[in-house]
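These protein sequence lines are chains B and S, in that order. Using my numbering, read the first sequence as starting at 1 and increasing by one per residue. Using my numbering, read the second sequence as starting at 1 and increasing by one per residue.
Derived by calculation from the structure, the hints in this document are not laboratory data. For every residue, glycine included, the Cβ atom is placed at its ideal position computed from N, Cα and C. Be aware that one or more of the hints could be misleading.
[Claimed, not checked] Covered stretches of chain B, going by a simulated chain S footprint (3 or more residues, C-beta under 8 angstroms): (1) 64-78; (2) 82-93; (3) 98-105.
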Amino acid sequence: MLHELELYADSFVKKHIDKKLFQLDGDLVCPVGSIPLEWYVDYNNYWWVHFVRNATAKTVIFNKKDKIGVVCFNLEYYSVQEFPFIQYVRFNKENKIDCVRTYWNFDWAMKLTKLNPIMEAVQIGDALWMQKDITLDEKMRLSREYWTADVVKKTLDFDKSLEHLVDTFKHLHRI
Amino acid sequence: MSYQEDVGRIIFNIIDSKNLKSSLFDKAFVCNLLENTISTGSDIEKYCEDFNRFFETVSLIEIKHTVKSDMKFALLAVITIEDKFNKDLALYAELNEKLKITHFEFYVNEHVSLNIY
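Looking at chain B on its own, in the form it has when it is part of the complex (with noise of 0.2 angstroms):
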């Protein structure tokens, strides 16, 4: 199973996530709230990886007997130099995912948020996958409207026109 958490890892390096290491009704419980594994794969795939524009493991340690492993991810956000996190993967018989617990420092993300919209761009779509009355179809169909929005695309290096996209976004999604 080391080989099932180094390839979870090496899927954030690579900036997408494949379902087929899940259990897909598992949790992922984070700082934010707990949503069902499948919507946490599907919100990396089509919401929080674009952001992202280098994701580290630095370290890959896994406890053989209770089927558990910690990784220490750095991220690279556009515009944001350093975020780290840690996440615990909990692995069942099949050794497949059915748990992953994210740490991150809240205060440091807050920090981050007042210094750089991004992060605020962030946490909006991060509130979104989290509304449990929102369908899964309607999450993906948000994301891949704000991705795939000539504006968006067009400001990739989140310049000063980001501002307004968040605006836009808070908006569109009704936050």
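Following the hints, position chain S against chain B.
Below, chain S without anything else, positioned relative to chain B:
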């Protein structure tokens, strides 16, 4: 005592004694999650002061999981703050051959559901 047990002993001592000593560190990189900054080795003394001040507010520590591999160690726990609030805690440390901490990350999650351990 095996190396892994040594690693575990050091980390558990930090938690149990609520006393993080700067002498445990060796030019460590530290993710300081107490003062909204990421500290490096030059801030170790201040980091330990902040850490220990924070731990004075902790009334109960329940260790849920430990993960060890060679010189690396992770611990996940639930802490109770001032007998009121439960929070999720993750601690990660790497040690060198002299059992000095060379990398330390410490996270306390504020807004988590704690029912899925």
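Results of checking the hints against the structure:
1. 64-78: With 5 residues closer than 8 angstroms to chain S, the stretch 64-78 of chain B meets the three-residue bar; holds.
2. 82-93: Answer holds; 5 residues pass the 8 angstroms Cβ test.
3. 98-105: It holds, with 5 qualifying residues against the three required.
Hint violations for this structure: none, all hints satisfied.
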